[in-house]
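Chemist: Given the structure of chain C, go ahead and fit chain D onto it with the hints provided.
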Amino acid sequence: MRPMRLVCASMVAGGLLLGPPTATAQETPQALKQEIDQLRKDFEALKQQYGDRLSALESKLAAAEGTPAAPAGAQPAPGQPTAVPVPVGAQGAGGPSGALPVYGAAGGSVASSKIFNPDMAVIGDFLGAAGRNTANPTPGLEMHESEAAFQAVVDPYARADFFISFGEQGVNLEEGFLTFTELPGGLLTKVGKMRAAFGKVNTLHNHVLPWTDRPLVSQNLVGGEDGIDDAGFSVARLIPNPWIFLEATGQVFRGDSGETLFKSSERGDLSYVGHLRGYYDLSESTNIDLGLSYSHGHNPSGIVDGVDVGRFRTNLYGVDATLRWKPLQRSIYHSFVGRTELIWSHRDQFDGLQKAMGYYVSGDYQLGRRWFAGARYDRSDRADDASLLDSGQSLLLTYWPSEFSQVRGQYRRTKYAIGPTANELLFQFLFSIGAHGAHPF
Amino acid sequence: MKRMVLPLLIAVLAALSARAQGKLNVITTTEDLASIAREVGGDRATVEALAKGYQDPHFVEAKPSFILKLQRADVLVVVGRELEIGWLPPLVQQSRNSKIQPGSDGYLDASLNAQILEIPTGQVTRAMGDVHPLGNPHYWMDPENGKRIAKSIADKFSQIRPNDRAVFQQRLTDFTTRLDAAEKRWLAQMAPYKGTKVVTYHRSFPNFAERFGLDIIGYIEPKPGIPPSPQHTLDLINEMKRQAVKLVLVEPYFDLKTPNAIGRETGAEVLVMPPSVGGVKEVTDYFKLFDYDINLLVEAIKKTGAK
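In the order they appear, the protein sequences are chains C and D.
Quick note: our numbering has the first sequence finishing at residue 734, numbered continuously throughout.
Quick note: our numbering has the second sequence finishing at residue 308, numbered continuously throughout.
For reference, chain C alone in the conformation it holds in the complex (with noise of 0.2 Å):
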């Protein structure tokens, strides 16, 4: 192609070069002026035919090749993006795989330091709340929190995950912890801050729960909307059977969570987590998750100006179901959750033991691609005082522009063992930028 090409260009500006001293004879230097841009428009065009067919043909011969055809003209205009290889082993676990296009200044140097960022997202909480409740008012709106999450593998035998999640006025690290993925014996090794394997709404960020909000029983037995969540080890294995899945988690915290769940006074007041997760497939479609969790630490009653004079302990019990059908060949159109937690708080205090128990009950349904309605009933006493029972209903409504947002409205009906009853309409929009994350299960 190219002396083609070349022979073309010649015959053309010998063209250029020839015609002039004949028309000087004949016609005025206007009419010279004309012939020639007419000569210099025809040339450039015969160019850029000849410069189109060429990268036409060259890219197919790419594709021939088995390489991915740059685009016609592969010179990168000022302000695309290059692109920069990606080392082996970045790809997969949310690292980037194949050719990353770089953007802005793309000096080699900068550009490779870039791809061993972690995967960075951050997700918007914004909470409305419309109506009366004067035992636990939030507020009218609210930005309740914005989680920033980094998530990248450390080196060949770890990963680490950072969960920030930042309030209007507040801080908070929510979890950030290293998972070792290679240890033998089959164990499961994380270290750091986290949210605790007590039963499931506690593992789970407030941006996957089916809800607005947290039930009533996390909310009075389960340390609140943080939940168990504090730093320490976790180890978790596999229990070789040939029917089910079943995983055992065995947690050593420092022994600080929630207000009023547990306190440390002395480095040797931990507390500990225990839970034991089964896991069936009834169908291909539909499938069965059961668990048990055991707690125990100190709590804070027996705390008298600052001293632990009481030493009193909780021990909380644990009971979790979630049955889930989704259809396969219809999965982003229907599916259902039923799930239900059962908890029981035996609490020591000055007065006695303090026996309480809580649950809720709930089940979402998909409507359609976009469309989630729910529904939860709750039920729990109050840890401090057993005598107290606090029970709600709430139904929800939740719609996915895609897969990055949502909108959720609930009406939550809540009957408090003091007070008024409490009606409330409650609406949520949540947002996620950055990094694709994993979808909930």
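No wet-lab data here; the hints were simulated from the structure.
Don't be surprised by glycine CBs; every beta carbon is placed ideally from N, CA and C.
Treat the hints with caution; some may be incorrect.
Calculated pairs, EDC-like style, for lysine to aspartate or glutamate (alpha carbon to alpha carbon, straight line, at most 20 Å) [what the hints assert, rightly or not]:
(1) C:Lys407 - C:Asp448
(2) D:Lys70 - C:Glu540
(3) D:Lys100 - C:Glu475
(4) D:Lys70 - C:Glu696
(5) D:Lys242 - D:Glu270
(6) D:Lys53 - C:Glu475
(7) D:Lys70 - C:Glu577
(8) D:Lys198 - D:Glu119
(9) C:Lys407 - C:Asp454
(10) D:Lys224 - C:Asp448
(11) D:Lys148 - D:Asp292
(12) D:Lys195 - D:Glu211
(13) D:Lys70 - C:Asp678
(14) D:Lys303 - D:Asp216
(15) D:Lys224 - D:Glu252
(16) D:Lys308 - D:Glu266
(17) C:Lys708 - C:Asp677
(18) D:Lys282 - C:Glu577
(19) D:Lys258 - D:Glu283
(20) D:Lys304 - D:Asp286
(21) C:Lys493 - C:Asp448
(22) D:Lys148 - D:Glu211
(23) D:Lys100 - C:Asp448
(24) D:Lys70 - C:Asp644
(25) D:Lys53 - C:Asp574
Label-pair ranges, simulated between beta-carbon atoms [to be verified]:
(26) D:Lys195 - C:Ile581: 47 to 55 Å
(27) C:Gly661 - D:Leu235: 50 to 58 Å
(28) D:Asn114 - C:Tyr610: 48 to 56 Å
Modeler: Relative to chain C, chain D alone:
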């Protein structure tokens, strides 16, 4: 006699050690990769796919039962290009299997040697919908890529089981030869209909269209991963009428309401066309996938007179 003993002994020992290793336990994310891995692995490998061919591979549930499968795997073959980003990473992390962690020897991203289309060149934002920044992940819908995937798999298997290298390479050659012959047949079937205009639901068919000469003029989804909107559907109907498009291709996991409405408006035929092995019952392997899709297309083109 003595000279024969040593080679014989070596052969026996090699055979024994190969047996001692057992079959290669292969898990793939999709049934297409499983079908190709079976072609390459033969009786030296057991192959199982996580997702079914009739489910949307972007939205697979991260079921704990998959963790058990991954825990025992020697090799994990993934489609890559972020197709599985919503569900695979947590499963691999919890698998407790160091062999299949990304970057380990047992982890194979099948896209690395394939021809990838639609790699975005400008700025990528989610205003474009659920766009794949690393290119369109439905690349297996081109038999040329099938051969490349098979070669990657054969090389990976050979690396992990060097004793069986000859078997894997032999099976790869055999698969490639059969696929070459089949591809010639498919191309000949489609040759008279080159340039036929179609509309598809999702961007699942660019590689298929490029190989077999279809001209995709629009999508039922306004943007990848965004469900159809009334305005976009109207625009699409007008465009289809203007260009006299007679075929609408829908993946088996999408709702047929909008496609059928478009079909009624434009007189186009709506085809449920599987982009994966297992997408419909008859499609049990990689060859049957193209057999089925091309027969379906040719029949429909003949019937509607689509151009």
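Chemist: If a hint holds in the structure, say so; if it does not, say that too.
Modeler: Hints, one by one, checked against the model:
A distance of roughly 16 Å separates the Cα atoms of Lys407 (chain C) and Asp448 (chain C); the hinted pair therefore holds under the 20 Å criterion. Distance hint between Lys70 (chain D) and Glu540 (chain C) is fulfilled; the C-alpha atoms sit about 14 Å from each other, no more than 20 Å. As the CA atoms of Lys100 (chain D) and Glu475 (chain C) are separated by approximately 9 Å, the hinted pair is consistent with the 20 Å bound. Using a Cα cut-off of 20 Å, the hinted pair Lys70 (chain D) and Glu696 (chain C) is violated, with the two alpha carbons roughly 28 Å apart.
Among the hinted pairs, Lys242 (chain D) with Glu270 (chain D) is consistent with the structure: their alpha-carbon atoms are about 13 Å apart, no more than 20 Å. The suggested pairing of Lys53 (chain D) with Glu475 (chain C) is violated, with an alpha-carbon distance near 29 Å, which exceeds 20 Å. A distance of roughly 15 Å separates the Cα atoms of Lys70 (chain D) and Glu577 (chain C); the hinted pair therefore holds under the 20 Å criterion. Among the hinted pairs, Lys198 (chain D) with Glu119 (chain D) is consistent with the structure: their alpha-carbon atoms are about 19 Å apart, no more than 20 Å.
Taking the CA atoms of Lys407 (chain C) and Asp454 (chain C), the gap is near 18 Å; set against the 20 Å cutoff, the hint holds. Our distance criterion of 20 Å between C-alpha atoms is broken by Lys224 (chain D) and Asp448 (chain C), whose separation comes to about 37 Å. For the hint linking Lys148 (chain D) to Asp292 (chain D), the alpha-carbon distance of about 16 Å falls within 20 Å, and the restraint holds. Proximity of Lys195 (chain D) to Glu211 (chain D) is assessed by CA-CA distance (about 10 Å); at most 20 Å being required, the pair is judged to hold.
Note on Lys70 (chain D) and Asp678 (chain C): the hinted pairing is violated, with a Cα-Cα distance of about 47 Å set against a maximum of 20 Å. For the hint pairing Lys303 (chain D) with Asp216 (chain D), the CA-to-CA distance comes to about 17 Å; that is within 20 Å, so the pair holds. Distance restraint check for Lys224 (chain D) and Glu252 (chain D): the Cα-Cα separation of roughly 16 Å lies within the 20 Å cut-off, and the hinted pair is therefore satisfied. With a C-alpha separation of about 18 Å, the suggested pair Lys308 (chain D) and Glu266 (chain D) falls inside the 20 Å cut-off, and the hint holds.
Only pairs whose Cα atoms come within 20 Å are accepted, and Lys708 (chain C) paired with Asp677 (chain C) is accepted, the gap being roughly 18 Å. Between Lys282 (chain D) and Glu577 (chain C) the CA atoms are separated by roughly 16 Å; this keeps the pair inside 20 Å, and the hint holds. Simply put, Lys258 (chain D) and Glu283 (chain D) have alpha-carbon atoms about 24 Å apart, too far for the 20 Å limit, and the pair is violated. For the given pair, Lys304 (chain D) sits about 27 Å from Asp286 (chain D) by alpha-carbon distance, which is inconsistent with the 20 Å threshold.
Pair hint Lys493 (chain C) plus Asp448 (chain C) does not hold up; C-alpha atoms about 30 Å apart against a cutoff of 20 Å. Only pairs whose Cα atoms come within 20 Å are accepted, and Lys148 (chain D) paired with Glu211 (chain D) is accepted, the gap being roughly 16 Å. For a cut-off of 20 Å, the pair hint linking Lys100 (chain D) to Asp448 (chain C) stands: about 15 Å separates their Cα positions. Between Lys70 (chain D) and Asp644 (chain C) the CA atoms are separated by roughly 52 Å; this puts the pair beyond 20 Å, and the hint is violated.
Taken as a hint, the Lys53 (chain D) and Asp574 (chain C) pair is honoured in the structure, with Cα atoms around 15 Å apart against an allowance of 20 Å. Distance hint for Lys195 (chain D) and Ile581 (chain C): a CB-CB separation of about 52 Å, consistent with the stated range 47 to 55 Å. Between Gly661 (chain C) and Leu235 (chain D) the beta carbons are some 20 Å apart, a value that contradicts the proposed interval 50 to 58 Å. The beta-carbon spacing between Asn114 (chain D) and Tyr610 (chain C), approximately 54 Å, falls within the hinted interval of 48 to 56 Å.
The structure fails to meet hints 4, 6, 10, 13, 19, 20, 21, 24 and 27 from the earlier list, while all remaining hints are met.
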